[in-house]
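Build out the structure end to end from the sequences listed, making use of the hints.
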Amino acid sequence: MGPYLKTARRYRWLLGAMLALVWGAGLVAAYSEYTTTFESEAIIWVQRAPPQLAGNPEDPNVTVVQTAASQQASLFNQLFLADSFLRDVVARTSLNGTLGNAVQERKALDDIRKRLRVQTLGTNLLSLSFTGRDASIAREMVDAALAVRGQRVAQARVTATSQISGLYQKQLALGQAQALDLQRQVEEFDQNHDGPLSDLEQRRRDQLRLALDYVQIRLGDLRGRIDQAVLAPALVDVSGSEFQILDEAREETVPRGGVKPAALLVTIALAAGAVLAALLVLVGTLLADRLAGPATVGRLAPARLFATVPRVGTDGRGKRDLRAELALIAFEDAGAGSRAAGR
Amino acid sequence: MTGAAQLTRVFEGLASRIDASGFRSVGFTSALSGEGTTTTALGTALSLAALRDETVLLVDANWLQPSLTADAGAEKAGGLADHLATRGELAGLLRWASRPRLAFLPVGDRAVARPSLRALSSFLAGKVASHGTVVVDLPPILAGEAFVLPWAGLLDQLFVVLREGATPLPVVRQALARLGPSATPQIVLNRAAVAAADLAPALHPVRV
Numbered sequence: 001m002g003p004y005l006k007t008a009r010r011y012r013w014l015l016g017a018m019l020a021l022v023w024g025a026g027l028v029a030a031y032s033e034y035t036t037t038f039e040s041e042a043i044i045w046v047q048r049a050p051p052q053l054a055g056n057p058e059d060p061n062v063t064v065v066q067t068a069a070s071q072q073a074s075l076f077n078q079l080f081l082a083d084s085f086l087r088d089v090v091a092r093t094s095l096n097g098t099l100g101n102a103v104q105e106r107k108a109l110d111d112i113r114k115r116l117r118v119q120t121l122g123t124n125l126l127s128l129s130f131t132g133r134d135a136s137i138a139r140e141m142v143d144a145a146l147a148v149r150g151q152r153v154a155q156a157r158v159t160a161t162s163q164i165s166g167l168y169q170k171q172l173a174l175g176q177a178q179a180l181d182l183q184r185q186v187e188e189f190d191q192n193h194d195g196p197l198s199d200l201e202q203r204r205r206d207q208l209r210l211a212l213d214y215v216q217i218r219l220g221d222l223r224g225r226i227d228q229a230v231l232a233p234a235l236v237d238v239s240g241s242e243f244q245i246l247d248e249a250r251e252e253t254v255p256r257g258g259v260k261p262a263a264l265l266v267t268i269a270l271a272a273g274a275v276l277a278a279l280l281v282l283v284g285t286l287l288a289d290r291l292a293g294p295a296t297v298g299r300l301a302p303a304r305l306f307a308t309v310p311r312v313g314t315d316g317r318g319k320r321d322l323r324a325e326l327a328l329i330a331f332e333d334a335g336a337g338s339r340a341a342g343r
Numbered sequence: 001m002t003g004a005a006q007l008t009r010v011f012e013g014l015a016s017r018i019d020a021s022g023f024r025s026v027g028f029t030s031a032l033s034g035e036g037t038t039t040t041a042l043g044t045a046l047s048l049a050a051l052r053d054e055t056v057l058l059v060d061a062n063w064l065q066p067s068l069t070a071d072a073g074a075e076k077a078g079g080l081a082d083h084l085a086t087r088g089e090l091a092g093l094l095r096w097a098s099r100p101r102l103a104f105l106p107v108g109d110r111a112v113a114r115p116s117l118r119a120l121s122s123f124l125a126g127k128v129a130s131h132g133t134v135v136v137d138l139p140p141i142l143a144g145e146a147f148v149l150p151w152a153g154l155l156d157q158l159f160v161v162l163r164e165g166a167t168p169l170p171v172v173r174q175a176l177a178r179l180g181p182s183a184t185p186q187i188v189l190n191r192a193a194v195a196a197a198d199l200a201p202a203l204h205p206v207r208v
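These protein sequence lines map, in sequence, to chains X and R. If you count the first sequence from 1, position 301 lands on 301 in the numbering used here, and the numbers rise without skipping. If you count the second sequence from 1, position 108 lands on 108 in the numbering used here, and the numbers rise without skipping.
These are calculated hints, taken from the structure and not from any lab test. All the given hints hold, so there is nothing to weed out.
Here are some, though not all, of the chain R residues that point toward chain X, as calculated from beta-carbon distances under 7 Å:
#, residue
1, 17
2, 188
3, 191
These numbers were taken from a predicted model, which means no experiment stands behind them. Built from N, CA and C at the ideal position, the CB exists for glycine as well.
Given below as structure tokens:
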């Protein structure tokens, strides 16, 4: 440790200046990040609609229409992945028309995607937030995201309802045709059999009436389902119980949400300064621990400096050129110089 | 001044100090490879040969990387190892360099012998003594400690060549510690930042 401490003492002013520069820049950046970050957040209460109001349990859109907190958070995250959703969101804010060309739009949407955040706070509670440089834009983005999400869910609900209603209508039409056919068969049977009926005829008549009763019951059930398919989503909409915004997004007047990025910047600056300082000390120590000149030889006592051999400027040809020349002088045959130069 | 003279002038300071110190046998080693040991040994031998009126024997004792032997094109020739293994007379193994008063002893067949204290002692006390100065090129201490230590106690002076601004001090300390307390090597600082730019143009005429 001794040599390193010695180097650190030797370069203390340089180290101090470097650390002041790196750490100072980091602190300034962190402060700037903190003071220019505004986060708007909406707190939302969600719950599942009663099963009776579910249009069709097998409908894949059910989870979109009615979910608990994690399902809603998942839905938000999926929506954020869609550029069309983000475009719709931006279109409802002051940023409308600022997305620019395709490349710029892609970049802007990616940036917005990073800044939108949904978090589950409990089984039925979630928050939706947007972090930006402008407090009013942050609020607008949250409000717009909620509105577009509502719009998308409503569209999905209408589609699901119309599909289910269509299915039930077809089943109803089929049932009505069946009922009419059975009614006609019963009437024909009654017309053809005036007197007392045999056991076989009585049994046939009972079968026809039973089948007619069953079809009529089925028709009643289908009419009920059709009514429910239309009414249930409307009831869910009216009650608003499955998605309630408890706290609306506000336009923050003081910085909010910038603590984490600022802390990250400070940490990076501190680490970078420390690493640079360590590198400087390491390199300084390694360089200092070499023979820097005749004065350094004193550190090799009891060995003493006997003489110095000056460096010869050889126009970049290096030490081996000198040896090649010397070899040529000493062993003056044709190959001496080239042999030495070749090594 | 000729190009060769200008080149050897780089090592004049070192050679003059060796001459002034009266060392008759010197060795050059380093902590790591790539410090310029061989270049320094060769340059010093050339300078000493020019400086002294007696012969200088340049010995390639680098068992790990015998660059001087390769420079002289004497890879297959007999040399120090053969002499230590008593397989050849010194006179027959020596190669006279193109410079006056400079002889060269290649490393020889390294497989036949390794440098031992006794063998080197008799080598230095033998006919080698007839040469005014012996300059030995040695391998790096940390890589070839076994090839350096026998020389350390026998040579008049062992020099550790270090490269300015490049050699890590902990490595040098480790290398010096390997030599032990008996040998007190001295440092030759290579490629020191001393103005020698005027030597650069001198390289061209020699090369051509």
